[in-house]
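J.: If you want the building blocks of each chain, they are given just below.
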Amino acid sequence: MLDTSLSPLPPVVHGAGDPMLPVKTRIVDRKQETADTFTIELEFENGSEFTFAPGQFNMLYTFGTGEVPISISGTPGTSKNIVHTIRDVGVVTSALSGLNVGDKVGLRGPFGTYWPIESCKGKDIVIAAGGIGLAPIRPVIRHVMENRDDYGRFIILYGARTPEDILYPEELGQYKSNLDVEVWVTVDRADRSWRGHVGVITTMITGAGFEPEKVAAFVCGPEIMMHFVIMNMNRLGVTNDQIYVSMERNMQCAIGRCGHCQWGTEFVCKDGPVYRFDKVEHLFNIRQL
Amino acid sequence: MELRPRSFAGQLKADQLNSLIDALLDQGYRVIAPVKRDAAITLAEIRTSESLPQGWGDEQQPGSFRLTDRGDTEYFGFAVGAGSFKQYLFPSRRKLLDIDRHDMSMTKVEDTEKPLAFLGARACDLDAIAIQDRVFMGSDFVDPFYAKRRNECIIIAVNCHRPSSTCFCTDAGKGPECRSGFDVALTEVGVDDDHRFLVETGSEKGTALVNNLDLEATTEADDAARQEIIDRAVAAMQPALPDTDIPALLKAATESPRWESIAERCLNCANCTLSCPTCFCSGIEDVTDLDGTHAERWQTWSSCFTMDHSYIHGGSIRRIGASRYRQWLTHKMSFWVDQFGMSGCTGCGRCVTWCPVGIDIREELRGFAGDALEATTNEEATA
Ligand SMILES: Cc1cc2nc3c(=O)[nH]c(=O)nc-3n(C[C@H](O)[C@H](O)[C@H](O)COP(=O)(O)OP(=O)(O)OC[C@H]3O[C@@H](n4cnc5c(N)ncnc54)[C@H](O)[C@@H]3O)c2cc1C
Ligand code: SF4
Ligand code: SF4
Ligand code: FES
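If you read the protein sequences in the order shown, they are chains A and B. My numbering applies: residue 1 is where the first sequence begins, and numbers increase by one. My numbering applies: residue 1001 is where the second sequence begins, and numbers increase by one.
If you're looking for bench data, these hints aren't it; they were derived computationally from the structure. Each hint should be verified, as a subset may be incorrect.
Straight-line C-alpha distance at most 30 Å; calculated BS3-like pairs for lysine-lysine [unchecked claim]:
# : chain 1 : residue 1 : chain 2 : residue 2
1 : A       : 31        : A       : 123
2 : A       : 24        : B       : 1108
3 : A       : 80        : A       : 121
4 : A       : 104       : B       : 1205
5 : A       : 24        : B       : 1095
Put together the whole structure using the sequences plus the hints.
T.: Structure follows, in structure tokens:
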């Protein structure tokens, strides 16, 4: 299904032929992950199934407040459930946070490019995520775990602000219990209970000791974090054509029409959000583009 | 320019112009044409040729627009005004959805407007429409509203012969001659003695329309009369853009200090993006009524000159004026080519005229070209 070129998937329009028309979903499950982050599971009211590739996102609409781009965080493929992990940071995400099981959410999507898990078969997979950046990359983790034989080494590097902010701690713990998965978690600021790494995620990259030419790296987090992760990867011999990043821009339409997500030549909503880094390195380094 | 033999559908006497407008009205069109309003020329709905700015001309300079009363009978003796046909195909504000709180049922707002007839579109307007066609109808996600209006509309173009000092369609676009993208094209000739319109058709829709009119046959001399109009327009325009690969020039200039120097003059008023006939940015506004039972989603034009445009949680991406001006000019002249396979500028000059401080993109582009030339000369000198 997925090819190597990261070309956008054929468009799926659930909204009666109009990609700007949200489709009604209902919240079937809600879980508070951390103080400001929660996961909701949605189902279409009409019972349709939903198919997505890891790294793609939906536009979620809450009544009267607005619509925001949110990555899909469940297991990739086709299912009735649509999983989103969301950090409450402002108007719309706070409205989403206030919703309960049974409440309605409008959904448009899925949109955008994806992490190339098919073409990276046989590679050593290195994941580097910062903060809420773990949510958009969780579909990759789940896919690799479910298809463990298809991949070489599997290294997950994750940085959170504090121990309380660590997302999916149980799930990370489960992965860590597999002898052939390395999970490294670091926090910016520790408390007394934390006996793990303290410091920025980049300090763990040297510790990971992978074979550079076998690596496919998937990086998701704030731009400054991605910048330093990539710099360190490069230092270890991983080249930019082995690194994939997910970009974040203001998005109003998600279909390449409103212009808000422009990043130089790119419409991040449809040409991205996932890019092979060598293709966009020249843009990444221009300030305020 | 070489004289190309024309096949005119015929000629329409100037005093018969209303028969064309009547034919459009009879066919159910809303006719949109230039009119004189306040101290400028703008577009509005008309029902008769008397609403056209007959006898009026314009003098446009960076930062200024002035009407001139020529006192003759010419109907289309001016260049383009502030408004463009964009506002009819892609309105500045439009309701998308009505939403009911109770079951969150969503109702799409259907377009109930009559089909549009654009009378007096210039070559740069035709270019702009072709560019927006690419944006709104050229991808997998066709905009149904735009597509409906666009497919229903009829375009009656007019060949320019009095470009203003801010026009540069010969450099940036395909003007001033209307070559494609019209249903009917008119050339206004013989204002002083034998005032009439030479009529060409560009589509079946156009042919069907003019077949209803009482057109007279043209003569062989009319080819030359038409060509004279075009030639006059070409001659009136100065070479404006630097003779270089502008998309590459701007890509190489992302870190140029010149952006800062432009930003010092720029007011961030967004007039350029709003008057530009190709700018397509829009945002969504969500509103609810007072008791919160009903919500609406509106699409409104937006501009890359505002901080909102690039806002993400934590702050805007383009925080300083220089980066916003860079986005506007580089998008228009460079990134657009990568995105849509064509430039985003038609050379209509609106952004030059309607800039309150008279920033002239032609001059700025020449500035960037000068900087690049200087840099290579210096390199050669030190090599
Ligand atoms: C492709 C993509 C995937 C994302 N995936 C996730 C995810 O899985 N989980 C998660 O918690 N967050 C994710 N985000 C970020 C999320 O979209 C923003 O946090 C959210 O838009 C903030 O909206 P707000 O109304 O709560 O905030 P406010 O600060 O009140 O923002 C007001 C408006 O600005 C715009 N805006 C603000 N921040 C952003 C932003 N970061 N990106 C785009 N538009 C923004 C929106 O239109 C928003 O409604 C993603 C962003 C993108 C672009
Ligand atoms: S950039 Fe200026 S001259 Fe070019 S099409 Fe837009 S308004 Fe006209
Ligand atoms: S980004 Fe700016 S220049 Fe480009 S279309 Fe949008 S408003 Fe116009
Ligand atoms: S979000 Fe509208 S163009 Fe990308």
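J.: Are the Cα atoms of residue 104 of chain A and residue 1205 of chain B separated by 30 Å or less?
T.: violated (47 Å)
J.: Is the hinted pair residue 24 of chain A and residue 1108 of chain B satisfied, with a Cα-Cα distance of at most 30 Å?
T.: It holds: about 14 Å lies between the C-alpha atoms, which stays within 30 Å.
J.: Check the hint pairing residue 31 of chain A with residue 123 of chain A against an upper bound of 30 Å on the C-alpha distance.
T.: With a Cα-Cα distance of about 34 Å, the restraint between residue 31 of chain A and residue 123 of chain A is violated, given a limit of 30 Å.
J.: CA of residue 80 of chain A to CA of residue 121 of chain A, is that 30 Å or under?
T.: Distance of about 27 Å is within 30 Å: holds.
J.: Quick one, are residue 24 of chain A and residue 1095 of chain B close enough, alpha carbons at most 30 Å?
T.: holds (19 Å)
Consistency note: the structure conflicts with the earlier hints numbered 1, 4.
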